[in-house]
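**Student:** Here are the chains, one letter per residue:
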Amino acid sequence: QQPVQSPQAVILREGEDAVINCSSSKALYSVHWYRQKHGEAPVFLMILLKGGEQMRHEKISASFNEKKQQSSLYLTASQLSYSGTYFCGTEIKTSYDKVIFGPGTSLSVIP
Amino acid sequence: EAQVTQNPRYLITVTGKKLTVTCSQNMNHEYMSWYRQDPGLGLRQIYYSMNVEVTDKGDVPEGYKVSRKEKRNFPLILESPSPNQTSLYFCASSLSRQGAYGYTFGSGTRLTVV
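Sequence lines, in order, name chains A and B. When the letters of the first sequence are read in order and numbered with my numbering, they come out as residues 9 to 119. When the letters of the second sequence are read in order and numbered with my numbering, they come out as residues 399 to 512.
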């Protein structure tokens, strides 16, 4: 039931864009996105509740395609502070009281 | 400051010696949960609690116990720790699972069982 994230890792130069994908084999009630910096706790970025919904946190945005059971996180004009591991968390429609996290995508932004 | 507080941050213990990791939140959140984080596996849910005296198993509950006697506290108990429970543990809370709110995580507890 764990969602699949791609890519596993990505290296960007400052100012470049990136997309992180999250897909599930189950129908989804919601998708969460979190960022975890090395040695720190995960920090909540945003939640998407409806198909077609798009949310934004600073220059990071996300979309939710309910039919495809997928969500994508868009990092625009990346900054050094964006470095970290990004996790999606999915709530399955048949078990909405649990958030199951993906394995994470490691993002490194270099000068 | 709104936060989830875990203690201890680091713990080294021996196999079989009972231990408790405490978790407390000051946000009046209904929902609390424990996760363990292992390289390549992401965050896996151990137990969760929808409210006081209501707890349920997550995906990897074996070897763990929890209790929720007060709304703010959700301790994780390892009755007889084993080396395969060496991991980074996070407590998280949320206003409610109804309506789907984001989680606030504690700072983590790095546990080593030798």
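Hints are computed from structural coordinates only; laboratory data are not their basis. Values in this document were obtained by computation on a predicted structure and should not be read as measured data. Do not take every clue at face value.
[What the hints assert, rightly or not] Listed next, the in silico DSSO-like pairs over lysine-lysine satisfying Cα-Cα at most 27 Å (straight line): (1) Lys34(A) <-> Lys101(A); (2) Lys416(B) <-> Lys34(A); (3) Lys455(B) <-> Lys416(B); (4) Lys416(B) <-> Lys463(B); (5) Lys455(B) <-> Lys101(A); (6) Lys58(A) <-> Lys75(A); (7) Lys455(B) <-> Lys67(A); (8) Lys415(B) <-> Lys106(A); (9) Lys467(B) <-> Lys106(A).
**Student:** State for each hint whether it applies.
**Tutor:** Quick rundown of the hints versus the structure:
1. Lys34(A) <-> Lys101(A): holds, 8 Å
2. Lys416(B) <-> Lys34(A): violated, 38 Å
3. Lys455(B) <-> Lys416(B): holds, 20 Å
4. Lys416(B) <-> Lys463(B): Holds, at about 11 Å.
5. Lys455(B) <-> Lys101(A): Distance of about 18 Å is within 27 Å: holds.
6. Lys58(A) <-> Lys75(A): Since the Cα atoms of Lys58(A) and Lys75(A) sit roughly 10 Å apart, the hinted pair holds (cutoff 27 Å).
7. Lys455(B) <-> Lys67(A): violated, 37 Å
8. Lys415(B) <-> Lys106(A): violated, 30 Å
9. Lys467(B) <-> Lys106(A): Distance ~21 Å between Lys467(B) and Lys106(A) Cα, so the pair holds.
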